[in-house]
Amino acid sequence: MEFPPKYGPANTCLTSNLSFKKLKKNFQQNFNESVYQHIYRQFHNAWSHEEFGPLPVTIPKPNIEDITKIADILENAKRPLLLMGSQSTLPPLKTEQLVQIVNNLGIPTYLGGMSRGLLGANSPLQMRQNRKIAIKEADVILLAGAVCDFRLTYGKGFSPETKVISINRSQEQMLKNHGVFWNSAATIQADVGLTLLELQEQMKERKWGGLEKCREWIEMLREMEIKKEEDTAKKLAQKPDDGHMNPLVLLTAMDEVIPKDAILVADGGDFVGSAAYIVRPGGPLQWLDPGTFGTLGVGAGFALGAKAVYPERTVVIIYGDGSAGYSLMEFDTFVRHKLPVVGIIGNDACWTQIAREQVPHFKSAVACDLDYTHYEEAAKALGTQSLFLDGDMDVKQVREALAQVMARSRAEKQSLVVNVLIGKTNFREGSISV
Numbered sequence: 000m001e002f003p004p005k006y007g008p009a010n011t012c013l014t015s016n017l018s019f020k021k022l023k024k025n026f027q028q029n030f031n032e033s034v035y036q037h038i039y040r041q042f043h044n045a046w047s048h049e050e051f052g053p054l055p056v057t058i059p060k061p062n063i064e065d066i067t068k069i070a071d072i073l074e075n076a077k078r079p080l081l082l083m084g085s086q087s088t089l090p091p092l093k094t095e096q097l098v099q100i101v102n103n104l105g106i107p108t109y110l111g112g113m114s115r116g117l118l119g120a121n122s123p124l125q126m127r128q129n130r131k132i133a134i135k136e137a138d139v140i141l142l143a144g145a146v147c148d149f150r151l152t153y154g155k156g157f158s159p160e161t162k163v164i165s166i167n168r169s170q171e172q173m174l175k176n177h178g179v180f181w182n183s184a185a186t187i188q189a190d191v192g193l194t195l196l197e198l199q200e201q202m203k204e205r206k207w208g209g210l211e212k213c214r215e216w217i218e219m220l221r222e223m224e225i226k227k228e229e230d231t232a233k234k235l236a237q238k239p240d241d242g243h244m245n246p247l248v249l250l251t252a253m254d255e256v257i258p259k260d261a262i263l264v265a266d267g268g269d270f271v272g273s274a275a276y277i278v279r280p281g282g283p284l285q286w287l288d289p290g291t292f293g294t295l296g297v298g299a300g301f302a303l304g305a306k307a308v309y310p311e312r313t314v315v316i317i318y319g320d321g322s323a324g325y326s327l328m329e330f331d332t333f334v335r336h337k338l339p340v341v342g343i344i345g346n347d348a349c350w351t352q353i354a355r356e357q358v359p360h361f362k363s364a365v366a367c368d369l370d371y372t373h374y375e376e377a378a379k380a381l382g383t384q385s386l387f388l389d390g391d392m393d394v395k396q397v398r399e400a401l402a403q404v405m406a407r408s409r410a411e412k413q414s415l416v417v418n419v420l421i422g423k424t425n426f427r428e429g430s431i432s433v
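Under numbering that gives the first Met the number 0, the first residue of the sequence shown carries the number 0, and numbering increases by one thereafter.
There are no misleading hints in this set.
No farther apart than 25 Å at their CA atoms in a straight line, the calculated lysine-lysine pairs in the DSS-like style are these:
hint, residue 1, residue 2
1, 395, 259
2, 423, 233
3, 60, 175
4, 155, 131
5, 238, 423
6, 206, 77
7, 226, 77
8, 238, 395
What the hints contain is simulated information worked out from the structure, not anything from laboratory work.
Predicted model, so just to flag it, every value in this text is computed and none were measured.
Using the sequences and the hints given, assemble the complete structure.
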């Protein structure tokens with residue numbers, strides 16, 4: 000059976016008895032024609048020429064009236080807050096330009112999704128803790144690609160007195176739950192980066208004080224940040240009842256050991272949720288995660304792409320033990336293609352993010368319990384280096400153990416899987432899980 004090459008491959012299965020029969024005259028021609036017509040009917044106009052090139056991309060741009068309106072609101076703010084989402088990192092602006100714009104605006108900032116790492120590890124503007132309190136206290140909030148879905152409690156946390164400005168390319172995302180749980184002072188359906196660029200120019204003309212104007216507000220948020228980090232430090236000393244490692248100890252050691260130019264791939268639930276607070280990406284576009292819907296299993300695929308593009312940089316997958324089951328076998332791919340990747344598994348033998356709400360609500364842990372599986376042995380069979388950690392270890396001990404195997408992995412250009420048995424903590428108690 001033959002079609003012109005441009006139509007792509009075709010497969011036809013015939014019953015075996017046909018091969019034993021003498022074919023009628025013109026059978027092949029008639030058969031080909033009937034198949035051709037059947038496909039034409041099934042797939043409307045199947046053989047007509049279609050343009051398969053990429054669809055044109057239209058980037059909505061802000062207009063001067065909208066920029067002036069939000070500049071008027073921001074100019075009178077005493078406690079402004081900038082919440083950035085993944086959309087803020089899209090072209091046409093380069094991330095370096097976006098970093099400069101955010102620094103020039105001088106507004107305290109929370110980063111989410113692909114924008115994590117945008118301001119580096121130690122920016123005075125970036126806040127990581129107490130976002131819920133900051134949202135309550137702010138008098139102006141700029142949603143720069145951030146969406147009022149479950150991650151922002153659908154907008155329920157906004158004070159009625161707060162002036163909310165939503166900037167988004169998508170009208171649907173820009174107005175999600177608008178008029179139900181929150182209301183806006185202004186909305187701009189436009190590219191986030193271009194809008195912030197124009198806003199920066201207007202604020203510069205108005206001699207906006209930026210960092211100096213927001214200094215008291217930033218200091219207040221920073222004090223809350225320090226207190227929260229002190230509370231976390233106290234939790235580092237807590238020993239889980241099950242005798243396994245405190246996950247905060249592991250994550251703190253990871254933050255100290257992982258190179259600052261590393262690309263972090265987050266693939267998990269509860270363990271990754273904790274990592275988002277403690278493990279700091281060193282720069283823009285160095286944090287990849289499953290996105291809004293938490294689609295577990297992306298880890299190895301993301302890591303493969305990142306390592307192929309940046310072969311000289313360390314790529315680390317932060318795995319939960321549940322998500323590791325989806326793509327651990329891809330370490331075979333890393334080994335075969337000589338693309339060394341590091342996988343660190345926080346193994347608490349449970350789908351903990353689900354169990355946290357499922358057990359109290361339904362009094363059942365069905366389908367949540369896992370085993371303390373030796374994933375490092377499976378990875379070793381695939382050709383990787385491996386390390387198993389368990390028990391009462393402090394940050395220094397874990398840091399030294401991780402540093403040693405990661406250095407060897409880099410030197411020998413081999414993939415590495417670290418399986419760490421971790422205990423339960425209340426660090427993420429109250430977080431939205433299901």
